[in-house]
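A.B. asks: Protein chains in written order, with my numbering: chain A, 1 to 348; chain B, 349 to 696; chain C, 697 to 1044; chain D, 1045 to 1392.
Hints in this document: simulated from the structure, not taken from any laboratory. Don't take each hint at face value.
To be verified - Here chain C is said to cover these stretches of chain B; the calculated rule only asks that three of the stretch's residues, wherever they fall, bring their Cβ under 8 Å from a Cβ of chain C: (1) 452-458; (2) 483-491; (3) 496-505.
Unchecked claim - Some chain D residues close to chain A (C-beta under 8 Å, calculated; not the full set): (4) Ala1139; (5) Glu1140; (6) Gly1141; (7) Gly1149; (8) Arg1173; (9) Ala1175; (10) Arg1177; (11) Gly1178; (12) Arg1213; (13) Asp1302.
Built from N, CA and C at the ideal position, the CB exists for glycine as well.
Protein chains: 4
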Amino acid sequence: MNDSSVSLSFRSDNVATIAPEIMSALEAANHGLAAAYGDDEYSALLNRKFSDLFEAEVTVFPVSTGTAANALSLATCARPYGAIYCHEDAHINTAEGGATEAFSGGAKLIALPGPNGKVEPPTLAAALRHAERGIRNRPQPDAVSVTQASEYGTVYAVEEIAAIGAMARDAGIHFHMDGARFANALVTLGCSASEMTWRSGVDILSFGATKNGAMAADAIVVFNRELAEPLSYRLRRAGQTWSKMRFPAAQLIAYVEDSLFLRLASHANELASQLGRELAAMPSVRLIAPVEANLVFVAMPEPAIEGLSAAGVRFARRGGGVIRLVTRFDGTPAEVDQFIALVRRLIG
Amino acid sequence: MNDSSVSLSFRSDNVATIAPEIMSALEAANHGLAAAYGDDEYSALLNRKFSDLFEAEVTVFPVSTGTAANALSLATCARPYGAIYCHEDAHINTAEGGATEAFSGGAKLIALPGPNGKVEPPTLAAALRHAERGIRNRPQPDAVSVTQASEYGTVYAVEEIAAIGAMARDAGIHFHMDGARFANALVTLGCSASEMTWRSGVDILSFGATKNGAMAADAIVVFNRELAEPLSYRLRRAGQTWSKMRFPAAQLIAYVEDSLFLRLASHANELASQLGRELAAMPSVRLIAPVEANLVFVAMPEPAIEGLSAAGVRFARRGGGVIRLVTRFDGTPAEVDQFIALVRRLIG
Amino acid sequence: MNDSSVSLSFRSDNVATIAPEIMSALEAANHGLAAAYGDDEYSALLNRKFSDLFEAEVTVFPVSTGTAANALSLATCARPYGAIYCHEDAHINTAEGGATEAFSGGAKLIALPGPNGKVEPPTLAAALRHAERGIRNRPQPDAVSVTQASEYGTVYAVEEIAAIGAMARDAGIHFHMDGARFANALVTLGCSASEMTWRSGVDILSFGATKNGAMAADAIVVFNRELAEPLSYRLRRAGQTWSKMRFPAAQLIAYVEDSLFLRLASHANELASQLGRELAAMPSVRLIAPVEANLVFVAMPEPAIEGLSAAGVRFARRGGGVIRLVTRFDGTPAEVDQFIALVRRLIG
Amino acid sequence: MNDSSVSLSFRSDNVATIAPEIMSALEAANHGLAAAYGDDEYSALLNRKFSDLFEAEVTVFPVSTGTAANALSLATCARPYGAIYCHEDAHINTAEGGATEAFSGGAKLIALPGPNGKVEPPTLAAALRHAERGIRNRPQPDAVSVTQASEYGTVYAVEEIAAIGAMARDAGIHFHMDGARFANALVTLGCSASEMTWRSGVDILSFGATKNGAMAADAIVVFNRELAEPLSYRLRRAGQTWSKMRFPAAQLIAYVEDSLFLRLASHANELASQLGRELAAMPSVRLIAPVEANLVFVAMPEPAIEGLSAAGVRFARRGGGVIRLVTRFDGTPAEVDQFIALVRRLIG
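Using the sequences provided together with the hints, build the complete structure.
C.D. replies: Here is the structure:
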């Protein structure tokens, strides 16, 4: 019943299937009874598995969407009169319908510019320096949020994260990472999950799994223990505490088991890398940002873009002759080849 | 890995499995690509199936929990300074962590008394009569919410619903039904889904499926079309709009396909009925409320309650020697027999 | 242009004038320039005067209404998922349009019964005992609020306040006092302002002055220093930080100077006492609550109530043949005599 | 007790006194009783006076601050998921502690650039064109807000306001005017109050009086009748409905009586005009924005700025050698002369 007629889609990683290993885990979990609302054994195991993965005792809260993960994390980090620093193109600022403002009771997102969708440490430093602390009619610094990989498919180096983490610590504010494409970034950096997060100062993480093979199981991973309890109440009251928690827990356990998440992300990244390499080599096509995860932003002549659309290829348009291509864990090199061939024909 | 050692649980319908038909539907949906955020064909089919079921053009929004369904429905029905009438034991008033207050921006729940967990029409009428409309420092009537089946496992008759619906219409307020156990009530009444809802004046319904066989797929069903658009924004901003919407949609389609939901509920209701009948016949055991769905409230001597606990049986205690027993679609008559035999032994 | 035709009003203390001493203070403050938003010398003096009055270093925030004082105090004391215990007839629960729910982001008022408008310590103790701490879907105890004098014109003894204060401390929750009629209660108790507040465990006080002679100057008095800073931000963002702060500050300084507030309240209390005494002595008239401040609640035959209305007397009706009479600092014994004579005639 | 030692302050119009006519009106209102919460005769007269002034039937709500006026107006205009367009330097965006976000439940301010603190109609048109209506994860256009006079002391021409009003009407959004310095702008334009507001499409106005001679009486003036009722509830619940409403009403009546507000503003504007003219004529001093109200922004050499500070002159610094000077209704030409002489000496 799905879009089977569409041979070629680079529209989004949200159109993907569920990875077979995760579907199997759902089936395996569907036996016997299990306590509700997270008091089950799957949830306990989930916390252990993630504590192993992150080499620290963490608390994991499965949630239904990345928006919930981001907004409830940030609502726990920021006072209603607080300021949250983020990139101007951050998903929380542009594409979550004001969820962070809603859950926080009206905290202010301070949108920072920066090349390739990344907050550069000096930009943040300047913003924090200009924050008017103690001035009652100004928002008060409470958190910084970075997206890893970013909305442009670029990846913060560990040193960049650590620099932001150090600033956050010095400023006494919380550090949130929107990891909607956490696995894609981790594969690129080749570092440990802990280096990319708490060892670099991250307090709380939106851990995305849905885009990379889960059915509906993103999670909030809490490193800073003080945040776990208030967050747990906010989740319940937000309608984000599933009654049959064993099922999202089982998905997330399978997701990290035997590094499945890294294998899935690695495959998607390779497809993007191939796409980027071949497109960059074409005349009149230009990469808009380095390809470091599973997103490719390219500028190409408008007739070529029209031609792709006419051929039934799915992708997102940005203004000014730029398109966004997203590769998926369940995509194939053949699809990339087919796309490249098509572009070649269109470019002439 | 689950509670397999526990032979006997009447703790909750949230500890249940997923019905095989629904698990199969998830597997069947896991092929090919599907548009995200509800623009997929499963979501379109879901709207058609539910429109058939309810004999009216309805809009269906899958959500992750009943709390989300209730609170976001009511936030759409009530102004921040509005009053929402409900039973004092309603889940929205006692067990959702203030979700309705949070999402509505501080609307007031007006808790009404009533036997067996039900709002009696005259009680509501009196409350509406005493509402101080136009008085700026009083909450203004905006909605009434009933739970069908109620928190005590009782069921509103169609005439009772219609009486409340008429009052709501006359008062110019919205009528919400918390249908966490919608199927259980519908089986009991034997009426049509439309009679139990919009034909009796219901504007918006929290349609529960998780307790009765789905994995994680409750839904909001909107009858009053004016509510659909504002609700859609509130859902997105609440992090309740799944990216891979085909999967909750597929669950809900399978849930109503061939009346599966009625068969599952019917089975659970029969187990409760058997439990109630046999318990009521025992000396020193007393039913606290009529058994009309899959919940049984009984008073019994404290030593018997202790004995049940000691035997490893799971159930919820209420104060004053009262316990709550919940039967499930995946429970068995043998379990009920086993429980009854045990109680008999304990009562002596 | 005012209600000069009305010879007799016991409607409310909000219909009163401004005390001449306070009007003079406004005029006196209207010379030269003064820094804005509370950085002026009047505001500094206000803090010193109130610190003297309360025998402790307090922070005073003038606000425009008692509703603002209550709701912003409580929003600072309670988390969005918190519970606030109060009497079921408390102004915050019945007559502030949901202000506390709004400013707190949806905290829950737990309404407790109690004779004469007062929360009895054992009732609070039981409520705190039954609070389901740590249960994620229940509101979590954060504050208790008492009204001194109460909505029934009764007054908590110092021992009662101290008992509640001790419970609040033991439970780790904040203690708020709604002192809309603080002076009237203080006169009745004859204790010090500190005994009636922080020495008995009060953390934060809504200090009413408007009803007792100010123009528009209630205040929040903060005893628990941790609350002052977050409150200051909430006030500014609530539009409750006056730019020309010298004028409310000047009113409040004059209000406590030379114990003016006690003299004004004493006068109003005496009028109420006289009213109560004479009414209680009449056949078929009955006091509903002890007269301990400037409010008198009496039951009398419906024809007498009608007769009072017909004679143009202003007062508030409660249900069931009960009326509320409020005396004011600017009322006169002659008015009370006139009223009593009228009732006598009506009762026959 | 005030800043009498300071001979020279151009710090703010919030440091000013109360105009004698307004103080007299307060005294005159302080006789007899008056109904509370706006049911008094002063409030009725206020509505008539303002309806005359604006040549239309308007509803006036006195509030304690401009922040309350702005935030509650906008909360009434915008849905929680709405977008409010304003200049990036608008007070609502930079200096009200997030009040609009708080009262609206998290609406989004869309900050637009524009020379001299003004939103240019084409900029707004482009923003509205790019608004993604119907896209659930984007804020939905609900209101536009302009500041008249602007934060830079510039004034929108009637044609500019009308152009924005026409856009708002076409876009189906509300039009709010922040008139903290309404009188100053009106004097400059020389048009009628109706031309500057509803005849040009304004739905709701924050009418400032405090900066221009009132004690504490700003007001919301509602032209679009649909907004009046919901606003009245929001005000009460925000603690912005004074009990002794006659006093703010009396201030506002006196403020517009015999065009007092225009005379006061005219005086302040003339002082600013004089300041601007003389400063602009000096070498190495440069006006940053045209002087059209009572604000003067000038760049001057840093040593001159230091010299002014050293001499005890009060003013606000902006970055980059720019200072802001504010003239007041109670300022004098002699003070301006003195200031100019001082600058001349410092510039050399």
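A.B. asks: Taking the hints in turn, state whether each one holds.
C.D. replies: Against the structure, the hints come out as follows:
no., hint, result
1, 452-458, "holds (count 5)"
2, 483-491, "holds (count 4)"
3, 496-505, "violated (count 0)"
4, Ala1139, "holds, 5 Å"
5, Glu1140, "holds, 6 Å"
6, Gly1141, "holds, 5 Å"
7, Gly1149, "holds, 7 Å"
8, Arg1173, "violated, 12 Å"
9, Ala1175, "violated, 13 Å"
10, Arg1177, "violated, 13 Å"
11, Gly1178, "violated, 12 Å"
12, Arg1213, "violated, 25 Å"
13, Asp1302, "violated, 34 Å"
The structure fails hints 3, 8, 9, 10, 11, 12 and 13 (numbered hints given earlier, in ascending order).
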